[in-house]
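Listed below are the residues making up each chain.
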Amino acid sequence: MQPDALGQLLEQCALGNRAAFADLYRQTSAKLFGVALRILRREDWAEEVLQESFVNIWRHAAAYSVYKSAPMTWMISIVRNRALDILRRPGLEIALADESLIEAWEDSDAGPLDRLLKSNEAAALARCLQQLDGNQRQSIMLAFYYGLTHAELAKHLRQPLGTVKSWIRRGLQRLRECLTI
Amino acid sequence: MKYANPELRDKLAAEYALGTLRGAARARFRRLMKYDPALRRTVTEWENRIYPMTEATAEVEPPARVWNAIQASLAGTAQQIVLGFWRTLGLFSSGLALALLLYLGLAQRPETLSYMALLNDQKSQQPVLMVSTVRNSPKLMIKVLAPQTIAADKVLELWALPAEQDKPPKSLGLFAASGVTTLQFSQAADQQLGNIPALAVSLEPKGGSPTGLPTGPVLYVGKWLKM
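So the protein sequences, as listed, match chains D and P.
First residue of the first sequence? That's 1 in the numbering used here, and the numbers climb one at a time after it.
First residue of the second sequence? That's 1 in the numbering used here, and the numbers climb one at a time after it.
Simulated from the structure, these hints should not be mistaken for lab results.
Just so it is clear, CB atoms sit at the ideal spot from N, CA and C, and this is done for glycine as well.
Some hints here could point you the wrong way.
[What the hints assert, rightly or not] Just a few of them, taken from the derived set where beta-carbon distance is under 7 Å, the chain D residues facing chain P:
hint	residue
1	Q8
2	L15
3	K31
4	S69
5	T73
6	R115
7	S119
8	E121
9	L125
Put together the whole structure using the sequences plus the hints.
Below, the structure is given as structure tokens:
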């Protein structure tokens, strides 16, 4: 999927072109649904988030160009933010990712990191993630993919809250330094 | 206010992008961002850094009912909101002076400009639009020289007139009634439009011509000139 082509579709959406919007949906909805599903782990909520997000994408397509990001980044931001908002709902109980899934993340060669290393768009980020300490990498990736809070991470990793917070903070700092080079 | 501390701003922006900034703090941060473009940019920078992680997320085809629900909730959304936004960008004032400036600006590097058309309003005969291509670029740029007011349920559509009389015009796309719109082609735009004698703009229902041919009045016309 070419960023330029998606940007063009967004520009056409900003002008009210419904055919371009349908095309945009066809090209991006599976990825965005995957993102919402991973965070929410419930199909009905993920469907709700996808629906609201695309309505917002359509309504705010004209504002897209103001943000200096790739079209996909802009759309993912909308979906992630809606999904994280839903996680705030009072009295919400979501089954956390099961232990085996989390354990798989502890091995730097397994799963998502491996996939990132093979992707063109994410290779630089993957190399920088690889350079982090295992604890930093694991907490950042769990927080990102599953929308876990500091407290949930601490509980899952059986570590004090302060420790997890500092893993994330230092990990993010190192990521930035690594990506700047 | 402690949000003035650059380190804290960066830390909160990073955690907002990562998703670990939550609850009331997330809502407060989002409100701040609305009125603080620099903070919004810092968040965008973090999103650009870490969102590539999404490459590892599996794609899942959503059920058809999601698209149906989106279409239902969009039925009747107002085009004027969209066009209103473009107007507020207010990049261009109006008139010939600007057209001249643009032309001079472009004339400084004439080797890059390959085709250009100045489209005149059919009634006033004043130039309204400048459409141009750059050599070997897939982009077609449309600059509105004098912002146009169009009905809320209408949209402007650009057409390439056919080289032969008996062929239909070809739609190039929709564009904003003010500011700049860039249309992207799959190959170099100047090559695809090499044989076009003129460009025209018609007024169409929102969403563009339903038939693939101009249905509304032709508002602006201009010759497509090789530079």
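The hints, checked one at a time:
no.: 1; hint: Q8; verdict: holds (4 Å)
no.: 2; hint: L15; verdict: holds (4 Å)
no.: 3; hint: K31; verdict: holds (5 Å)
no.: 4; hint: S69; verdict: holds (5 Å)
no.: 5; hint: T73; verdict: holds (5 Å)
no.: 6; hint: R115; verdict: holds (4 Å)
no.: 7; hint: S119; verdict: holds (4 Å)
no.: 8; hint: E121; verdict: holds (5 Å)
no.: 9; hint: L125; verdict: holds (5 Å)
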